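*Asks:* These are the residues of each chain, in order.
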Amino acid sequence: MLEHQQPFAPLIQGGDTTFVAMSDIQMTWLSGWGFLLLQSPSESALQDALMSHTGLRLPAPQTVSTRGDYALLWLTPKEWLLAAPASETESLQAALTRQMATCLAAVIDMSDALAVCELSGTRCADVLMSGCTLDLHADTFPSGRCSRTGLADIPAILWNPAREPRAVRCIVDRSHARHLRDWLADAAGCPGLPPAQ
Amino acid sequence: MKGNEWRLANGGRIDRTRPLAFEFDGERYWGFAGDTLASALLANGVRIVGRSFKLHRPRGLVGAWCEEPNGIVQLGDGARTTPNLKATQVELRDGLSARSVNCWPNARSDAFAPLQLLGRLMPAGFYYKTFMWPSWHMFEPAIRRAAGLGTAPREPDPDRYEERHEQCDVLVVGGGPAGLAAALAATRAGARVILADDRPALGGALQETKRIDGAAALAWTAAVERELRTAPNARVLTRTTAFGCYDHNLIALSEKLSEPESAGLRERLWHVRAAEVVVAAGAIERPIVFADNDLPGIMLASAAMTYAAQYAVRPGRRAVIVTSGDSAYEAASTLQTAGVEIAAIVDTRAEPGEAASLARSAGIRVMAGYYPVRAHGGRAVKAIEIGQIGAAAGRINEGSARRLECDLLCVSGGWTPSVHLFSQAKGQLRYDPERAALLPGPGPKSFHCAGAAAGNLALHHCLTDGFAAGREAAKAAQATRDAGRSPTTDVELAATTAFWASPQSSHRKAWVDFQNDVTRGDLELAVRENLRSVEHVKRYTTTGMAVDQGKTSNMNALAILAELTGTSIPQVGNTTFRPPYDPVTLGSLAGRHVGAFYHPLRRTPLDRWHAAHGAVLEDFGGWLRPAWYAGERRHRDDCIRAEKRATRTAVSLFDGSPLGKIEVRGPDAAVFLNRMYYNGMKTLAVGRGRYGLMLNEHGIIIDDGVCLRLAEDHFLVSTTSGGAGRIFAGFEEWLQCEWPDLTVLVTNVTSAWGNIAVAGPRARELLERLETDIDLEPDAFPHLSIRCGRLEGVPVRIARVGFTGELSFEINIPAGYTTALWERLLAKGADLGVLPIGIEALQELRTEKGYLHVGTDTDGRSIPADVGMGALLAKKSDDFVGRRSLERSDAKRPDRLQFVGLEAQDPGTVLPVGAHVIADATTRNASQGYVTSSCMSEALGRSVALGLVQAGQARTGEAVHVYSSGRTFPARIVSPRWYDPEGHRLNA
Chain B
-6 MLEHQQPFAP LIQGGDTTFV AMSDIQMTWL SGWGFLLLQS PSESALQDAL MSHTGLRLPA
54 PQTVSTRGDY ALLWLTPKEW LLAAPASETE SLQAALTRQM ATCLAAVIDM SDALAVCELS
114 GTRCADVLMS GCTLDLHADT FPSGRCSRTG LADIPAILWN PAREPRAVRC IVDRSHARHL
174 RDWLADAAGC PGLPPAQ
Chain S
1396 MKGNEWRLAN GGRIDRTRPL AFEFDGERYW GFAGDTLASA LLANGVRIVG RSFKLHRPRG
1456 LVGAWCEEPN GIVQLGDGAR TTPNLKATQV ELRDGLSARS VNCWPNARSD AFAPLQLLGR
1516 LMPAGFYYKT FMWPSWHMFE PAIRRAAGLG TAPREPDPDR YEERHEQCDV LVVGGGPAGL
1576 AAALAATRAG ARVILADDRP ALGGALQETK RIDGAAALAW TAAVERELRT APNARVLTRT
1636 TAFGCYDHNL IALSEKLSEP ESAGLRERLW HVRAAEVVVA AGAIERPIVF ADNDLPGIML
1696 ASAAMTYAAQ YAVRPGRRAV IVTSGDSAYE AASTLQTAGV EIAAIVDTRA EPGEAASLAR
1756 SAGIRVMAGY YPVRAHGGRA VKAIEIGQIG AAAGRINEGS ARRLECDLLC VSGGWTPSVH
1816 LFSQAKGQLR YDPERAALLP GPGPKSFHCA GAAAGNLALH HCLTDGFAAG REAAKAAQAT
1876 RDAGRSPTTD VELAATTAFW ASPQSSHRKA WVDFQNDVTR GDLELAVREN LRSVEHVKRY
1936 TTTGMAVDQG KTSNMNALAI LAELTGTSIP QVGNTTFRPP YDPVTLGSLA GRHVGAFYHP
1996 LRRTPLDRWH AAHGAVLEDF GGWLRPAWYA GERRHRDDCI RAEKRATRTA VSLFDGSPLG
2056 KIEVRGPDAA VFLNRMYYNG MKTLAVGRGR YGLMLNEHGI IIDDGVCLRL AEDHFLVSTT
2116 SGGAGRIFAG FEEWLQCEWP DLTVLVTNVT SAWGNIAVAG PRARELLERL ETDIDLEPDA
2176 FPHLSIRCGR LEGVPVRIAR VGFTGELSFE INIPAGYTTA LWERLLAKGA DLGVLPIGIE
2236 ALQELRTEKG YLHVGTDTDG RSIPADVGMG ALLAKKSDDF VGRRSLERSD AKRPDRLQFV
2296 GLEAQDPGTV LPVGAHVIAD ATTRNASQGY VTSSCMSEAL GRSVALGLVQ AGQARTGEAV
2356 HVYSSGRTFP ARIVSPRWYD PEGHRLNA
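Protein sequence lines, in the order shown, are assigned to chains B and S. Counting along the first sequence from 1, when you hit position 78 you're at 71 in the numbering used here, and nothing is skipped either side. Counting along the second sequence from 1, when you hit position 685 you're at 2080 in the numbering used here, and nothing is skipped either side.
One thing to keep in mind: the hints can contain errors.
Listed below are several chain B residues computed to face chain S (Cβ distance under 8 Å; list not exhaustive) [said to hold, decoys possible]:
no.: 1; residue: Leu(-5)
no.: 2; residue: Gln(-1)
no.: 3; residue: Ile101
20 Å max Cα-Cα, derived DMTMM-like pairs, lysine to aspartate or glutamate [to be verified]:
no.: 4; chain 1: B; residue 1: Lys71; chain 2: S; residue 2: Glu2133
no.: 5; chain 1: S; residue 1: Lys2287; chain 2: S; residue 2: Glu2092
no.: 6; chain 1: S; residue 1: Lys2287; chain 2: S; residue 2: Glu2235
no.: 7; chain 1: B; residue 1: Lys71; chain 2: S; residue 2: Asp2136
no.: 8; chain 1: S; residue 1: Lys2287; chain 2: S; residue 2: Asp2301
no.: 9; chain 1: B; residue 1: Lys71; chain 2: S; residue 2: Glu2128
no.: 10; chain 1: B; residue 1: Lys71; chain 2: S; residue 2: Asp1977
no.: 11; chain 1: B; residue 1: Lys71; chain 2: S; residue 2: Glu2127
no.: 12; chain 1: S; residue 1: Lys1651; chain 2: S; residue 2: Asp1977
no.: 13; chain 1: S; residue 1: Lys2077; chain 2: S; residue 2: Asp2063
no.: 14; chain 1: S; residue 1: Lys1651; chain 2: B; residue 2: Asp119
no.: 15; chain 1: B; residue 1: Lys71; chain 2: S; residue 2: Asp2108
no.: 16; chain 1: S; residue 1: Lys1651; chain 2: S; residue 2: Glu1736
no.: 17; chain 1: B; residue 1: Lys71; chain 2: S; residue 2: Asp2063
no.: 18; chain 1: S; residue 1: Lys2223; chain 2: B; residue 2: Glu(-4)
In case anyone wonders, no lab produced these hints; they're calculated from the structure. As the structure is a prediction and not an experimental result, all values here were calculated from the model. Think of the CB as a built atom: it goes at the ideal place given N, C-alpha and C, for glycine as much as any other residue.
Isolated chain B (complex conformation) (with noise of 0.2 Å):
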């Protein structure tokens, strides 16, 4: 069996996947999670079969459902994506794939394409708001919302997990996690990074 590495390995030293930590504002890399992209214009189907296999409804436009470890953001009319834990991604695509067989459905892992950096303090809006024209504020991205939006000139998914610690996740391909890592470390002011490449 080969060796598998997270989308932000390379990106590590030494097993520590925080990269900021400043008193006002922090950066880590989120591990452990997997992605499941679904796409189906058969939104009753897919909702029967979220509901069976994690118990999730089909979440509003630009919002997230959660049911306990798993969450569910809408991306676009006809497409979400499913947020589990790793261990259990192979199984919920086989799971979900066989009950959607009789009607169009992707149910594609994308856990490897995707890397995951949570932002949290009180600064988060204003360090994201240098690079995103989307209003993060607090009370107009409330918890429990989600975004398909371009972040430092790269395309993103944002999204507030809780209302309490304030926190945003930003989903962004693997390959743009360094210069999101160097470009987040930078609009942070943060002085223990070294300068980008």
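Mind docking chain S on chain B? Use the hints.
*Replies:* Structure of chain S alone, referenced to chain B:
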């Protein structure tokens, strides 16, 4: 301390405990914290602060803020030097060093000053008429030096610039009384408010002597500022200019932060999306046009008042005030309090009313019904000649001429509201003859103009107007809490009449635009030459251009044009207001998009391995990829040769992860792809792949790659690296906009999979050493097919495709396993001579094989027939994107550029890429095409090249010449398939 002999003993908003030393034009001076460079220069008695643009006339300060046309300076030196700043806006700091632009060695004694004597020879447009032969470009450098502004730094900017996006309910532009009242009302109503003001402190033009709500004006300002700064729903930005309004109320603000010499953040560019905008940007006073009105010592009445009141500087000893309205009377009284002798107030109105009576009772001489005829003086104003307005137009009453001695002449020709943002937002302006101003007319509902920007000059109007605008804006944004009542003050006199230019100012030295040296005579010339449109006159005379964008000159120019053309100001119209309102630095606009953040680079899952193993990484289509592996062999060519040799004779690994991978599934997937590809895809068997071209609607090749069929209703489309996003977006567009009837899902899975190409005669041998359930034998797994299975226990998709011309397996593996698989392949293949190869080797290998590279061997005109695939068109009966364009006569022209091989006569010569193919080596008069790819091939023992040549395919075997940079190489047109043309190695 010496100096500052023009400083008043008391007053002003300067900090007398903090003296600051500075340098101007090489001389050392000092001022106080709170000074601008301009006020400090005035306090030190410096009267000449600049030289005019064209004629190098000595010029003094005219304004006190952004309207200043003359005091243009270059600040600092080295990498942080900043050109073309207005001295009136430069905050004084210790050690500041400034020099006047457009003069040498300094503004006081400028070597170009004799140009003034040639003024008569240099009217408007003289450049266009004079410097025509042999070419303008011959004269341009010298003219730019003589008539130029500051110089740009040569070193990269060491400072940091930031961007910030923000949204709000109400953006208030301007922090004067109207803006403060508006922000107060909107904040109290509960709206999310941003108040932006370009000055270091709020208050705008508020004078200390005023009282608002019973408090001193400045105490009121401080209280409002405190309330706004502590409110959770308001943000106050000072030193922040709202310089542009763009679509959907996107307002751009430029915020200046630290001193230039301090490390760190220098400026921040705000992109504010505002539901409602209150424009309370104030108004700018106008000069009056008369002969020699540009002498140092002639300044706007409001500026003189600001210098005295705010900076405690006495701008002169004996002043004459020339005005057409009430506001300058306040300046007179302020100056008088500051110890300036007021020789007279010259009021162009015959009956100036109450303001004049009040002045007279205060002992000031008021000469009503007089106007300025000409100023006298050399390097500074000494006197003003005035005359009584006569019955006959253009004449003064006989015997009414007077001469008033003065060293300060304050002028006030009325006020121009700063309606720039409103106008940029497509608000219309209307001319109000009573206030002699262009005022905001019908405009966007979300724009509210208030105070002086709406033509209401009096303080009591500004307060009530601003408060109402703020409340209204908040209400429009659904913030309706009770805002309380408006702040109040005493009723003020603020009447004015139109007075633009002295009737006898038809003089070549009556200046309309100080900064660009445009006189009334220049406007007359333009009209004589039949330039009637205000836009044409502006461009011909340059009035209203440059750093100040005509803030003091535009209205006077319009009025004079109206007079000269016998029309009215509304008929003349006004030039377009465009951003920026005030100059913005390029650094601010660039923000953090510099260096590594200029363009985000993508990295493959093997990025860290490549970097640790000597790869030379370069940007290929937005991906950072190994160009070659330097390893222990230092020389680039040696490395590439070894990488190629390993591929041709043993086995190599190539990181193909950026290769675009798009999954297409659904019952209509085959129909859909058959429409997207030039090649037929309907008949593709499950488990097989087919090379295909994708065209745009013009029939032009935009991408190529292998399309693989995983199941009856499931395809995997390979696109060029870097093309995945574009092609995926194209798929979605066709499906969503053109063919919603097709039941198809497309997914871009590029990054989910790592991709390793194992190529070379021993590729199968290497793969067989790994544990897999896929049968790798040629019969079971032929060229152009795909198999899904497990490799070393991990699910993979292996395709028999390649770009090298050798036996090749492309392994697609979940991206997280890529590095582990790569390392295992290297370990298992060490005895086979396996090597990792970079892009350079791959490009040479595919050039030898004659595989075309879209974008390198094709250009924006190439169609399938040009690359030898024209025959397929007749075989495909279904429609596809680009089909109709291939039927155009142009697509069938016989002389199209076609993809061919080019064989240099000397096998040791590598034909230069980009070299032209020519028929006749002696005349070289027509290019018949060019070399697109070229390299030395060890495998073939000679150089190889590909190219695009006119009618190339029919000319196989023909001798041609290849020309580059003065050298000509004899060559022959051949088939592009140099290496293994039968494909034995590929199909092994």
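*Asks:* Does each hint hold? Answer for all of them.
*Replies:* Results of checking the hints against the structure:
At its closest, the beta carbon of Leu(-5) (chain B) sits 4 Å from a beta carbon of chain S; the interface hint therefore holds under the 8 Å criterion. Residue-level restraint check for Gln(-1) (chain B) holds (minimum Cβ-Cβ distance to chain S is 7 Å; threshold 8 Å). The beta carbon of Ile101 (chain B) is positioned within 8 Å of a beta carbon in chain S (closest approach about 6 Å), and the interface hint is therefore held. Our distance criterion of 20 Å between C-alpha atoms is met by Lys71 (chain B) and Glu2133 (chain S), whose separation comes to about 18 Å.
For the suggested pair Lys2287 (chain S) and Glu2092 (chain S), the alpha carbons sit about 16 Å apart, so the restraint of at most 20 Å is met. Between Lys2287 (chain S) and Glu2235 (chain S) the CA atoms are separated by roughly 35 Å; this puts the pair beyond 20 Å, and the hint is violated. Distance restraint check for Lys71 (chain B) and Asp2136 (chain S): the Cα-Cα separation of roughly 15 Å lies within the 20 Å cut-off, and the hinted pair is therefore satisfied. At most 20 Å may separate the alpha-carbon atoms for a hinted pair to count; Lys2287 (chain S) and Asp2301 (chain S) exceed this at roughly 34 Å.
Among the hinted pairs, Lys71 (chain B) with Glu2128 (chain S) is consistent with the structure: their alpha-carbon atoms are about 15 Å apart, no more than 20 Å. Between the alpha carbons of Lys71 (chain B) and Asp1977 (chain S) the distance comes to roughly 47 Å, so the proposed pair goes past 20 Å and is violated. Note on Lys71 (chain B) and Glu2127 (chain S): the hinted pairing holds, with a Cα-Cα distance of about 12 Å set against a maximum of 20 Å. Using a Cα cut-off of 20 Å, the hinted pair Lys1651 (chain S) and Asp1977 (chain S) holds, with the two alpha carbons roughly 13 Å apart.
Of the pairs offered as hints, the one joining Lys2077 (chain S) and Asp2063 (chain S) holds, with about 10 Å between alpha carbons and a cut-off of 20 Å not exceeded. About 18 Å separates the Cα atoms of Lys1651 (chain S) and Asp119 (chain B), which keeps this hinted pair within 20 Å; it holds. Restraint check for Lys71 (chain B) and Asp2108 (chain S): satisfied, since their Cα atoms lie roughly 19 Å apart, inside the 20 Å limit. Distance restraint check for Lys1651 (chain S) and Glu1736 (chain S): the Cα-Cα separation of roughly 38 Å exceeds the 20 Å cut-off, and the hinted pair is therefore not satisfied.
At most 20 Å may separate the alpha-carbon atoms for a hinted pair to count; Lys71 (chain B) and Asp2063 (chain S) meet this at roughly 17 Å. Restraint check for Lys2223 (chain S) and Glu(-4) (chain B): the C-alpha separation of about 16 Å stays at or below 20 Å, so the hint holds.
Checked against the numbered hints listed earlier, the structure breaks hints 6, 8, 10 and 16; every other hint is satisfied.
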